[in-house]
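The opening position of the sequence shown corresponds to residue -16 in this note's numbering, with each subsequent residue numbered one higher.
One or more of the hints may lead you astray.
Listed below are the simulated BS3-like cross-link pairs for lysine-lysine, each with C-alpha atoms no more than 30 Å apart in a straight line [as the list claims (entries may be wrong)]:
no.	residue 1	residue 2
1	Lys13	Lys345
2	Lys345	Lys260
3	Lys260	Lys129
4	Lys13	Lys260
5	Lys136	Lys345
Hint data in this document are derived by calculation from the structure and do not stem from the laboratory.
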Amino acid sequence: MASDCAPDIPVGGLDTSYIQHTSGSTGEPKLIRHTHASALAFVEWAVSAYGIHAQDRLSNHSSHHTCFATFDYYAAARAGATTVVLTPAAMMMPPTLSALLESERVSIWYSVPTALVQLLLRGTLQERQLDALRWVLFAGERFPEKHLRSLMKQLPRARFSHVYGSTEVNVCSYYHLPEEPQLPDPLPIGVPCSNTRALVVDPSGRPVAAGESGELLVQGSTLMSGYWGDPERNRQVLLERPAAGGLSERWYRTGDRVLQLPDGTLAFGGREDRQVKIRGHRVELDEVEHALMAQDSVLEAVALTQADDEDSQQVSAVVVLDPASRTDVRELLVAVGRLLPRHAVPASLISLQSLPRTPTGKVDRRQLAVMLTEAAAASPDSTGLG
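Could you put the whole structure together from the sequences, leaning on the hints where they help?
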């Protein structure tokens, strides 16, 4: 029998609010458990930091199980704002999506940079009136500088904010981009949120000095309670560190390398698992991607590692080229070779019309690795396939 009465079920701040799923960088599923308290702490910060109010209209670009959705739905609800539900069909067609943003007068957008790049390149933004859009938030991957500059020119009324975090902590730092054309490259991940503390440590766990790099640890009210059913992983990433009064505090190991700048701002230095050894030389895969993206003919680029015929690691890459460009991948390798040391230049490079995506819109690197392996098997010279 239906009832108008809410069930009398006691719920406390430390009770589980939701469990979000992420595969992370390793491909192993992780079930991340957040409490009502950690969810509310993030939502309260988001509403305050971006001045979300009842007249705002937020998009929901990412899947419901991601940390982006916590912002899209719960922050909107907390402020009495509206969440504009984007259909899968609309998100697959950039012109349709940009038309929807215009007709629905979306005022706040939050996604990975890849989704924004697709809007920029294929969404006919120059034909839209997006004057209602006041905040563009992005997180989760590097935003190529040339695309970011172009998007800022297309959306002159919007403010841009680079937010940093993971599903385990929601957002733990942010950087509001300056309005002047000179942008730092790469963009800083900013300063810790008001509910978060950050600590940069060396491999032994000791804090590093300003100007030095190390692994980022974070502690605060938005931290997850742990991974569901995975005590071993919890022991690996949730650390107890001494605190005042003989107590201890729980900190989360992000696995990210950051540089602590003298003014307290943090600069992202890459994932620990994105630094590889090639013939004894250290290679930053993010730097390889950056060199590829510096070429005018390249719209998107991804660098990966592969085993060669002798089972040694080598750098491989996948690019999406501008259809109007006459550059082929062999010319591209020559140009990149002027920017990178020899051991960092991709040993194989293929060109695709588009890149596979995950449900959040990020590039699906695991699927690309399979495609590279198949391309290498089909053609020993896997330069210029696709």
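Now the hints, each set against the structure:
| no. | hint | result |
| --- | --- | --- |
| 1 | Lys13 with Lys345 | holds (17 Å) |
| 2 | Lys345 with Lys260 | holds (25 Å) |
| 3 | Lys260 with Lys129 | holds (29 Å) |
| 4 | Lys13 with Lys260 | holds (27 Å) |
| 5 | Lys136 with Lys345 | holds (23 Å) |
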